[in-house]
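Participant: Each chain is listed here by its residues.
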Amino acid sequence: MEHANLQIFIAIVLFSFLILWKIFTARRSKGGFIRRIPGLNEIDEAIGRATEMGRPMIFHPGVGEVQNVGTLAALGVLGHVARKAAQMGSRVIVTTAIPVVVPVAEDIVKQAYTQAGRPELFNSEDIRFLAASGDQLALATANVMEQEKTAAHFFFGMYDYTSLLLTEPGQRTGAIQIAGTDQYFQVPFFIASCDYTVIGEELYAASAYLTREPTMLGSLIGQDYAKIIVLAVIVLGALSTTLLGSQNFFVQLIGVYR
Amino acid sequence: MTKRRFIALVTFLAGLYYFLEFVVPPTIPWRTVRGEVVSVSPQSITLLVNGQQQQIPVEPTLKVYRERPTGAPESVEPAQLRPGDRVSAGPTTYLSDWLTPVNNFFIVLGSMAWGMGLISLAMVHSGNIRRRRPEWYGSVVFFLAVGGGIVAGLGYGAEGGWLKEANDVVFNYLLRPMSSTVFSLLAFHMATASYRAFRVKSGEAALMMTSAFVVMLGQIPIGLWLTHGLPSFLQLPVMAQWVLYIANSAAVRGMWFGMMVGAIAVGLRFWLSLERGAFFDREL
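From first to last, the protein sequence lines are chains E and D. Take the first sequence: its position 4, counting from 1, is numbered -4 in the working numbering, and each next residue is one higher. Take the second sequence: its position 14, counting from 1, is numbered 5 in the working numbering, and each next residue is one higher.
A few of these clues could be false.
Label-pair restraints from in silico Cβ distances [to be verified]:
(1) D:Arg124 - E:Asn(-3): 46 to 52 Å
(2) E:Met45 - D:Val132: 26 to 32 Å
(3) D:Val49 - E:Asn(-3): 25 to 31 Å
(4) D:Trp89 - E:Val225: 31 to 37 Å
(5) D:Ser66 - E:Thr234: 38 to 44 Å
(6) E:Asp216 - D:Arg77: 36 to 42 Å
(7) D:Ser66 - E:Asp99: 35 to 41 Å
(8) D:Gly220 - E:Asp216: 47 to 53 Å
(9) E:Thr17 - D:Leu217: 57 to 63 Å
Just so you know, these hints were derived from the structure itself, not from any lab. Even for Gly, the Cβ is constructed at its ideal location relative to N, Cα and C.
Take these sequences, add in the hints, and give me the full structure.
Facilitator: Right under this line is the structure:
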């Protein structure tokens, strides 16, 4: 059973405070800069292209359970993709092997079409639980790609070995493919088989980047402050260990050798 | 609005439980004793604390955690303790006691979604049959397979009989080999993906190809054979190890730090229902 020690408790409280502080500050100031992420920029381009071709898109929210952070971030991206598709009058097909994702994705897509004033375009059959395991789902998704002649594929979330089983058949169909995962072992496969890849924490920033909501942007700024603290601890730890040995005051304070 | 508030409240309460369970110690800190087990009886545990023996009465509220050489301490029953074990023992804070029931509740909730998954599948396939979409007969096979799978599933754990035979045929002789076949497709997909990745189109692609070349050659005997006459730091196996364990580790750890902080931020946004633009920002 894992429990926080004092150092972890302090770190969590401090990081949470920074993130919440920046969120509420950003809400008031309504601003914030965010660097360009090419993979996310191309999402609108891909949706537009699919719409022009009159073909549907596939969104695959990974193989993680719904409580997985990567899946949650992916569902945020799904919200944006569905909203854009609804505005352009296009279809999004969601395929998943996780049953709990079905009602959540259905709610997100339905909400997007309703908000865009096109509720009649929403079809619950487009949210598809295709198989109970990843490799079977990959085959079934490849089949959907062939049958529906999809023009854009989005793979966001947590992935395992099935990443290539999904993206390689997609590559052969000629569709534009954009992927994003927090599983770094799968990143090379996505880079090799997709047109654009969103790497690691960029996935978590995707919702903020796409919606430009002050709340989300503030959260990103808070994250950056937290990362500066982590970086400072690493530098101080390395310096103090190099100069004073491994049992110095700073190292004991942060509890590395406990 | 009510639906949104209800979801936000349930999310907050569920998140609060897991947060508190993680940060609150499992035993009351000022009444927790840490020491080495001397003896154990059904009534009490004798611990050696700072050179002195101390008796801890075994009460229903007592929680004992045994330290392990690696990893977090494990919760054990007093009867499982052996002399020499390093333990911490104290009255429970109750939060961790509820972890298994709460987890089970979510498992039950999740298992209900399997029904929704099946309904989703049935809707898609019945639609295919009704509208005579291309390859609609595949959907007929789907319904037959579901029926067959349910019947065969009844034979799970059976000692003998036709149900066990059906279970073996469906799960061991059909499903498992088919899964292996799909898995083996990965080799071909890897080959085609590697071919594309190794086309040098930019500076980054050239760098990636060079490092991949060094790592691949460094992993096989010919790498050493080709470079054994060079100084050790220029030998391919040494360079491959450097790329894998120094350069790669540094990059991966950098990613990890960013992702962990990002995960805290995403978790906070969902916990406090601050996620905007994607969920719940307008009532249906």
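Participant: Evaluate the given range 36 to 42 Å for the C-beta pair formed by Asp216 (chain E) and Arg77 (chain D).
Facilitator: 41 Å, holds
Participant: Could you say whether the range 57 to 63 Å given as a hint is met by the Cβ separation of Thr17 (chain E) and Leu217 (chain D)?
Facilitator: 58 Å, holds
Participant: Please test the hint of 47 to 53 Å on the beta carbon pair from Gly220 (chain D) and Asp216 (chain E).
Facilitator: Because 49 Å falls inside the window, the suggested range holds.
Participant: Holds or violated: the 46 to 52 Å window for the beta-carbon distance between Arg124 (chain D) and Asn(-3) (chain E)?
Facilitator: Because 58 Å falls outside the window, the suggested range is violated.
Participant: Lying within 25 to 31 Å: is that true of the beta-carbon distance Val49 (chain D) to Asn(-3) (chain E)?
Facilitator: 27 Å, holds
Participant: Quick check: does the Cβ-Cβ distance between Ser66 (chain D) and Asp99 (chain E) fall within 35 to 41 Å?
Facilitator: Holds, since Ser66 (chain D) and Asp99 (chain E) (Cβ atoms, about 38 Å apart) stay within the stated range.
Participant: Starting from the range 26 to 32 Å, see whether the pair Met45 (chain E) and Val132 (chain D) falls in it by beta-carbon distance.
Facilitator: 31 Å Cβ-Cβ, so the 26 to 32 Å window holds.
Participant: May I ask you to test the hint 38 to 44 Å on the CB atoms belonging to Ser66 (chain D) and Thr234 (chain E)?
Facilitator: 39 Å, holds
Participant: Could you say whether the range 31 to 37 Å given as a hint is met by the Cβ separation of Trp89 (chain D) and Val225 (chain E)?
Facilitator: 34 Å, holds
When each numbered hint is compared with the structure, a violation occurs for hint 1 only.
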